[in-house]
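Protein sequence lines correspond, in order, to chains P and G. End of the first sequence sits at 79 in my numbering; the numbers just go up one at a time, nothing left out. End of the second sequence sits at 627 in my numbering; the numbers just go up one at a time, nothing left out.
Hints are computed from structural coordinates only; laboratory data are not their basis. Note that this is a predicted model, so its numbers are computed, not measured. Treat each hint with caution, since some may be false.
[To be verified] What follows is a set of in silico ranges between Cβ atoms, one per label pair, in the way DEER data are often shown:
(1) G/S410 / P/M1: 23 to 31 Å
(2) P/G20 / G/G91: 39 to 47 Å
(3) G/E109 / P/D24: 21 to 29 Å
(4) P/M1 / G/A171: 46 to 54 Å
(5) P/A69 / G/Q323: 50 to 58 Å
(6) G/T459 / P/G20: 30 to 38 Å
(7) P/G20 / G/N487: 53 to 61 Å
(8) P/T27 / G/I211: 49 to 57 Å
(9) G/G248 / P/G20: 27 to 35 Å
(10) P/A69 / G/C233: 33 to 41 Å
[Claimed, not checked] Residues from chain P shown here face chain G by an in silico Cβ test under 8 Å; the list is partial:
(11) L39
(12) I45
(13) S50
(14) E51
(15) Q53
(16) P58
(17) A61
Where is the CB? At the ideal position from N, CA and C, for every residue including glycine.
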Amino acid sequence: MNPDNAATLRAIFRSVFELGDDVDPETLNAQDEPKWDSLATVMLIAAMESEFQVSVDPAEALQLNSFGAAQALLDGKGL
Amino acid sequence: MNFLEAATLVRGEPPVQQLPFLLAMSGTPETLELYVRAHAIRRGHDARLRTLPFNTLPQTLLSPPQSGERDVFLLLPWDLTPELDWRSGLPAERPVLASLRRAAAQRCERLAARPNAAVLYVPAPVPPVLGIPRDDRHLEHLLMTIAGDAGADCLDGGLFSLAAYLAHGTPFGGNALSAVAEAVVAAALDRPAAAKKVLITDLDNTLWAGIVGEDGIEGVSAAPQGVGYRHFVYQSLLAGLQRQGVLLAAVSRNDPDLARGPLEKGGMALGPEQFVAISANYHSKSGQIAALAESLDLGRDALVFVDDNPVEIEEVQDALPEVTCLTFPSSDEHLPGFLTRLNELFPGAVVTAEDRDRTAMYRRRLAGMVPKDLAGADVTEFLRDLQMRLRIHDRTTGDHERAVQLINKTNQFNLNGRRWSDAEIADALAQGGRLYTAELADRHGSHGEILACLVTAAGVVPALVMSCRVLQRRVEQGFLAWLMSRYADGAGELRLLFEPTQRNTPLRLFLRELSLLEDADRATAGELVLGAGQVPQEALALFQIEIG
Numbered sequence: 001m002n003p004d005n006a007a008t009l010r011a012i013f014r015s016v017f018e019l020g021d022d023v024d025p026e027t028l029n030a031q032d033e034p035k036w037d038s039l040a041t042v043m044l045i046a047a048m049e050s051e052f053q054v055s056v057d058p059a060e061a062l063q064l065n066s067f068g069a070a071q072a073l074l075d076g077k078g079l
Numbered sequence: 080m081n082f083l084e085a086a087t088l089v090r091g092e093p094p095v096q097q098l099p100f101l102l103a104m105s106g107t108p109e110t111l112e113l114y115v116r117a118h119a120i121r122r123g124h125d126a127r128l129r130t131l132p133f134n135t136l137p138q139t140l141l142s143p144p145q146s147g148e149r150d151v152f153l154l155l156p157w158d159l160t161p162e163l164d165w166r167s168g169l170p171a172e173r174p175v176l177a178s179l180r181r182a183a184a185q186r187c188e189r190l191a192a193r194p195n196a197a198v199l200y201v202p203a204p205v206p207p208v209l210g211i212p213r214d215d216r217h218l219e220h221l222l223m224t225i226a227g228d229a230g231a232d233c234l235d236g237g238l239f240s241l242a243a244y245l246a247h248g249t250p251f252g253g254n255a256l257s258a259v260a261e262a263v264v265a266a267a268l269d270r271p272a273a274a275k276k277v278l279i280t281d282l283d284n285t286l287w288a289g290i291v292g293e294d295g296i297e298g299v300s301a302a303p304q305g306v307g308y309r310h311f312v313y314q315s316l317l318a319g320l321q322r323q324g325v326l327l328a329a330v331s332r333n334d335p336d337l338a339r340g341p342l343e344k345g346g347m348a349l350g351p352e353q354f355v356a357i358s359a360n361y362h363s364k365s366g367q368i369a370a371l372a373e374s375l376d377l378g379r380d381a382l383v384f385v386d387d388n389p390v391e392i393e394e395v396q397d398a399l400p401e402v403t404c405l406t407f408p409s410s411d412e413h414l415p416g417f418l419t420r421l422n423e424l425f426p427g428a429v430v431t432a433e434d435r436d437r438t439a440m441y442r443r444r445l446a447g448m449v450p451k452d453l454a455g456a457d458v459t460e461f462l463r464d465l466q467m468r469l470r471i472h473d474r475t476t477g478d479h480e481r482a483v484q485l486i487n488k489t490n491q492f493n494l495n496g497r498r499w500s501d502a503e504i505a506d507a508l509a510q511g512g513r514l515y516t517a518e519l520a521d522r523h524g525s526h527g528e529i530l531a532c533l534v535t536a537a538g539v540v541p542a543l544v545m546s547c548r549v550l551q552r553r554v555e556q557g558f559l560a561w562l563m564s565r566y567a568d569g570a571g572e573l574r575l576l577f578e579p580t581q582r583n584t585p586l587r588l589f590l591r592e593l594s595l596l597e598d599a600d601r602a603t604a605g606e607l608v609l610g611a612g613q614v615p616q617e618a619l620a621l622f623q624i625e626i627g
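My request is simple: use the sequences and hints to build the entire structure.
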């Protein structure tokens, strides 16, 4: 993933999970983040679709459980 | 509007004026809420929306509305006939078309009778419940007609996303949320956005196919054939709008005579007399549009700007947020939606004699005005936001096909107009010359190799060209600043073999900026000496320079 797209993804995570400046979005995962519920996943997908002009299908959505997974998903779409 | 832009708007101070309303839809509304709030803010309102618990839309229809609150119903086919819900699967027994029609009509009657309600209908594809393709298609049309008869505003069916709906119950994918939210806010405000008055169009690859500065007047087309067709259809719509009183104007980064050429030549649906103004120069388009609005004495919110280039669209939107900007479609598939949107912005009305004469009236007004100096908008901040990367390739060895192609087909930003053969380039390189190209990318994607420069061993530049697609991005400054830094240790200067041509005005304006020419219009051929410190270094900060 190029640096611009990585920065956009970090901004999405910051906004969706309302992260403070002291939290590194890249460390986020669904298991440890209390705000990461099913609604947050839906918001995350909608935000990624909007910012990167991609479609995320249900199978891909199931894999979305960390910043790294989101990055890998976008990598897989050539971003 | 994308997600981060919407989130930024919503994080700011909300407008004072509140907009309380119920957003009634059967799917999950959470992803839509952010965009609804953002679009309301854009229209000066703080949206206070109430949403329904999941799957309670039918009960809401049976309950009286809350006092003082407007209802906006956002409906899909299965909100009219529940048997059509994709999430329920197909019914065990095939329903009868007449009973589906009856159920939909009854529900729509209730909607139509509901006071203070607005209805938006998204004609999403329905599952094949009737089992006969013709009947299923007929059902889709029937439901749209029933909804329309009940006063619903039908949105584009393509806004629906089956993947999003099946995955998490929200009927719209992330790419469609902004458009849906914009319609919801317009419905909640109980009035469409005020009709626009002026359509300002780009010329190259928008009003016609091709770039007049490169392809020539004969090389561009808006004829009803081949590549010109999309532009012919666009022009025919513009001609109709102009007849109903809409003012047409054009802005272009071009020489004025060249820009008017294709229109004056004839053979297009539009002629120059149908435009209230054709602004062609090398200032930013936002600067040209702002000056035009001032000359016409019209508010910027009355303007619609159409351009095929997303960067130009963003530059104008950034500098003039009141202007409605539309991107001209890059494929025929997107043409219908684009034309529909234009028609929405300029709703037809009874055409009066004054409407018909409006263009001539404004042309007379402009003819009596003293031309203004177009300062143009400062786009530095905008360019910084583009996060541009300039990858410079040394093509001295290996493949230099693209470099030769660029040198031989570029007219506008061309140092001298000289054409080079492969053998001549090879000869110059064999004598110690170097051939560079530059590839530009930004956060919108790659623009490919857009600049080529040949430098001899003695620091003479006999060829320097850049694609006109990236003229406004200061690539030329960034590249020359980089090149000077390479040659500073050697000759310390570069000598540019300049020659004016009929079309290289952009290049001459750039040389004037560098103080190498006094007058861009009266320049003569010669060797121009570019010393260290003559190229502004600020441009370098706009780029991440990479060596390929």
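Against the structure, the hints come out as follows:
no. : hint                       : result
1   : G/S410 / P/M1: 23 to 31 Å  : holds (27 Å)
2   : P/G20 / G/G91: 39 to 47 Å  : violated (19 Å)
3   : G/E109 / P/D24: 21 to 29 Å : holds (26 Å)
4   : P/M1 / G/A171: 46 to 54 Å  : holds (47 Å)
5   : P/A69 / G/Q323: 50 to 58 Å : holds (53 Å)
6   : G/T459 / P/G20: 30 to 38 Å : holds (31 Å)
7   : P/G20 / G/N487: 53 to 61 Å : holds (56 Å)
8   : P/T27 / G/I211: 49 to 57 Å : holds (55 Å)
9   : G/G248 / P/G20: 27 to 35 Å : holds (31 Å)
10  : P/A69 / G/C233: 33 to 41 Å : holds (38 Å)
11  : L39                        : holds (6 Å)
12  : I45                        : holds (7 Å)
13  : S50                        : holds (4 Å)
14  : E51                        : holds (5 Å)
15  : Q53                        : holds (6 Å)
16  : P58                        : holds (4 Å)
17  : A61                        : holds (5 Å)
The structure shown violates just one earlier hint, number 2.
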